[in-house]
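K.L.:
If you want the building blocks of each chain, they are given just below.
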Amino acid sequence: MAKIRSVLYDQKVAPYVFVLPFILTFLIFFVYPLITTIKMSFQDVLPGMITPVGLKNYQKLLGDKIFRTAVSNSLLYTVWTLALLIPIPLVLACMINSRSMVGKEFFKAILFLPALVSVVVAGTIFRLMFGEVEGSLMNTVRGFFGLGPIKWLKVRETGFAAMVLMALWRWTGVNILYFLSGLNNIPPELYECSEIDGANVWQQFRYISVPLVKPTIIYVLTISIYAGLAMFTESYMLWAGNNSPKNIGLTIVGYLYRQGWEQNRMGYASAVGLVLLMVAMAINLVQLRLTGVLGGGEK
Amino acid sequence: MKRTIVITLVLTLVLSLANIDIVKASTTKFTLWTFIQQHARFYEVMTEKWNALNPDRQIALEATVLPYDDMHNKLQIAVQSGVGAPDICDVEVSRFPNMLMGQPQLAALNEAFEPYVDNIVESRLGIYSKDGKFYGAPTHVGATVAFYYTDILEDAGVDYRTIKTWDDFAEAGRKLKAVHPDKFMGVAETSAAWTVTALLAQQGSDLVSPDDQPQINTPEMLRAVTLMQDFVKEGIMTTCPDGQPDTEGGKGFVNQGNAACIIMPLWFMSRFVDEIPDMKGKIAIAPVPVFEEGMPRSLGLGGTGTVVTLTASDPELAAEWLAFAKLSEEGNRMIWEDLGFDPCNTALWTDTEMTHNPDNRYIQYFLSNPFDVLNEVKDEIMLVRSSSISPTINNYLTTTMLNELFEDMLDPAEVIEEAQSMIESQIF
Chain A
1 MAKIRSVLYD QKVAPYVFVL PFILTFLIFF VYPLITTIKM SFQDVLPGMI TPVGLKNYQK
61 LLGDKIFRTA VSNSLLYTVW TLALLIPIPL VLACMINSRS MVGKEFFKAI LFLPALVSVV
121 VAGTIFRLMF GEVEGSLMNT VRGFFGLGPI KWLKVRETGF AAMVLMALWR WTGVNILYFL
181 SGLNNIPPEL YECSEIDGAN VWQQFRYISV PLVKPTIIYV LTISIYAGLA MFTESYMLWA
241 GNNSPKNIGL TIVGYLYRQG WEQNRMGYAS AVGLVLLMVA MAINLVQLRL TGVLGGGEK
Chain B
1 MKRTIVITLV LTLVLSLANI DIVKASTTKF TLWTFIQQHA RFYEVMTEKW NALNPDRQIA
61 LEATVLPYDD MHNKLQIAVQ SGVGAPDICD VEVSRFPNML MGQPQLAALN EAFEPYVDNI
121 VESRLGIYSK DGKFYGAPTH VGATVAFYYT DILEDAGVDY RTIKTWDDFA EAGRKLKAVH
181 PDKFMGVAET SAAWTVTALL AQQGSDLVSP DDQPQINTPE MLRAVTLMQD FVKEGIMTTC
241 PDGQPDTEGG KGFVNQGNAA CIIMPLWFMS RFVDEIPDMK GKIAIAPVPV FEEGMPRSLG
301 LGGTGTVVTL TASDPELAAE WLAFAKLSEE GNRMIWEDLG FDPCNTALWT DTEMTHNPDN
361 RYIQYFLSNP FDVLNEVKDE IMLVRSSSIS PTINNYLTTT MLNELFEDML DPAEVIEEAQ
421 SMIESQIF
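Protein sequence lines, in the order shown, are assigned to chains A and B.
The first sequence begins at 1 in my numbering and counts up by one.
The second sequence begins at 1 in my numbering and counts up by one.
If you're looking for bench data, these hints aren't it; they were derived computationally from the structure.
Every residue, glycine too, gets a C-beta built ideally from N, C-alpha and C.
Don't take every hint at face value.
[As the list claims (entries may be wrong)] For the chain B half of the interface with chain A, some residues (derived, Cβ under 8 Å), not all of them:
id: 1; residue: P104
id: 2; residue: A108
id: 3; residue: T398
[As the list claims (entries may be wrong)] What the simulated footprint calls covered on chain A by chain B, stretch by stretch (three residues with Cβ under 8 Å from a Cβ of chain B suffice, anywhere in the stretch; the number is not a length):
id: 4; region: 44–53
id: 5; region: 62–73
id: 6; region: 106–117
id: 7; region: 168–182
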C-alpha cells in the first residue's frame, strides 16, 4: 500500500500515470490499427484466405480513375469549405461581438442550432429540399423566377453545391463559436485606442481582429482541412447511400467504404486509407509550417 | 425487513439460475440478424411452428433487425475475423458474392436442403452456391414482370393484355402520350438495372460471361440500351426521382400515377400493398414485353439468401431449421401469405386454394392474379449469373453508365465501350 502510494506521489511517475489513459487509447485505437492497416495494404484479405501481394494494391491505385475522381472531389470540397467556412463565420463573429449588436445571444443560439441537428436528419432534409420533383423547395424557388425544375442531385455542379451548402449550414455556428472565443480575448482597450486614432470599422477588423485571432484561424483551418478530406457521412446521407450518380459526391472515405465493405477488398481499401492519411498529413504539415506553428515561415 | 429482502433476492437468483438450466437442457438458442422487419416476424412464426413439430429439439430464436449497410458490414467483419457473427443471417443478393470470396466461412447446407430441392427453382439455389455447395436459402424467385397502371391505359384505349413486344409497348406509349402528355409508358432506371438486365436475358445474354468476365460491350447490350434511350428521347420512358421504382422517390412517382408500366420483380407486389396504397385495384400484372415473340419473358432478380455461419452454436440444427423455414411447403406458404413473395417451391404455384385465396391481401390488391402470370412464364424464368465481379459491375452501371445513357443521353456505343474498360480496370 505504502509502495503504491509512494509511486503515485512520485513527481517523476505521477505525470505518466495521468497521461496513461490517453497513451493507452492512442496505442490501442490509433497506432495498432495503423500498423495493421499498413500490413493489410500489402495483402489480399479474403475470408479464410490472406495472401501477401506486395505492391499490387498501390499499383492498382495509381491507375484507378474512380479513385482519382474521389480524390479530386475531396480536395475540391475541402477548398470550398475553407473558402466559405472561415471568412463567413469570422465576419459573423465580429458582428455578433460588436458592441452595437442587439440580441447577441439570440443570434449565437440560432446560428449554432444546425450543428445540433444530426447529420442523418440534415442530409435527409437537404435531399428532399434539393429533390428533382417540381414541388421540392429549391425547384419551387426556381418556379418563382419562372424557371423550370432541374435535377439538382444528378448534375455535378448543383449536386456539389448542395453538399457545400449543407456543410456551410451545419458548421457556420461552430466556427463562429471558435472565433468568438478568440475575439473575446482581445482587450477592448485596443479598439478604444484605435477609435480615438480615427480607425474605421474595416480598419479595426483588418488590423486588430484578424491578426489577434490568427491562432484561432489556424486552428480552424487545420481541423477544417482534416474534416474536408475525411468527409463521408454528408455525401452518404445526401444521396441516400454511397453511390451518387456519376460519382459526383464520391469522396476518398466513400471510396474506401465502397472498396472495403461493398466490394470486400479490405487490402485495397487499406491502401486507399493510407493514401488519405498521407495526403492529409502532407497538406497539414505544409499549412502548419507556412502559418508558423511548426517553426519556419512567417512568425 | 433487511432479512426478508436478502432472502427474496437470493431466492430469485437461485430460481432464475434454475430456470436457465431448465431451458438449456432442451432448447438451443440461435441468434439471427436480418435487415428487414417483416423477415424477423416471419422467422419467429416459423420457429413456433418448428417447436410444435419438434418437441425434443426446441429452438429459441433471437432475431435482431439492423440497418442494411450496418448489418452486412458487421457480418463481413465478424466472418472475416471469426468472432461475433450470429448463428444465422440474411444476406442480400448483391452482397452475397462477398460472402463467397476466399474460403466461405459459412456452413454448407446441401444435406439439410436435400429433402426439399426437387420442388425448389434450381437457379435460386444456384446464386447462393459455390463449387456445388449451397450456402444460402433463397426467399423468393423474384420473377420479373410488368406492372401496368390500367386506368390511364384505358383512357388511351390500350388493353395491357395486347402488349407482347417492345413495338407494342412503344405504340401504347404513343397513344398514351396523345391523351396524357405528362404521363409516361415506362421508367428507365438509372440507379438499378432491372429493365436492362431483363432486356439482356431476353436475348440470352448477361452482365457476366460464363467464365466470370464482365460483358458490357456486347451487341445485346447495345440493342437493349439503344431501345431504352430511344424511348426516353421520344418521351415514352422517363427517368424517375432517386433513379428507380424501389426507392422513396420512385415509389412516390409510381403512387402519383406517372408511369403506365414498371418492369420489376414480383416482390415489388409487397411494396405496392404496403407503401403505394393509392393504386389498389388499378394495377395489373403481366409478362414483360420482348423484342420478338418467343423470347423468354422473365428472369429472377433481387433476393436474400439466408446463411448459417461456421461459428454457429449448432450448425446442423440451424441448417435443418432454416431448410424447414424457407424451403418446406409450410415455409413457402408463409412466404407468400405473409411476405407476399413468389415462393421458390413451384409445387405451390398450382395450389389454387392458396393462389386464389380471396382473403389474401396481395390477391385483393391486383387486377390479375400473380400466379397466373407465374405459371404462364414458368419455363421462361432466366437465371442471372452472380459472381465475385458482380458488385463491381452493378456499381458502375447504377452510378455511371445508366446515368450517362438516360440522363446525359450520350452515345450508347461509346458509353458501353467506356463502361467495359472502366469495369475491367476495377477488377483484380
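K.L.:
Each hint: holds or not?
P.N.:
Cross-check of the supplied hints:
About 6 Å separates the beta-carbon of P104 of chain B from the nearest beta-carbon of chain A, less than 8 Å, and the hint is met. With a cut of 8 Å, the hint placing A108 of chain B at the interface with chain A is violated, because the nearest CB-to-CB distance is about 14 Å. Using the Cβ-Cβ criterion of 8 Å, the hint placing T398 of chain B at the interface with chain A is satisfied: the shortest such distance is roughly 6 Å. For a cut-off of 8 Å, the count of residues in the region 44–53 of chain A with a CB near a CB of chain B stands at 6, and the three-residue condition holds.
Given as covered by chain B, the region 62–73 of chain A passes the check, having 4 residues with a CB less than 8 Å from a CB of that chain where 3 are the minimum. Check result for the region 106–117 of chain A against chain B: violated, 0 residues qualifying (beta carbon to beta carbon below 8 Å, three or more required). Here the region 168–182 of chain A counts 0 residues with a CB under 8 Å from a CB of chain B, which misses the bar of 3, and the coverage is violated.
Checked against the numbered hints listed earlier, the structure breaks hints 2, 6, 7; every other hint is satisfied.
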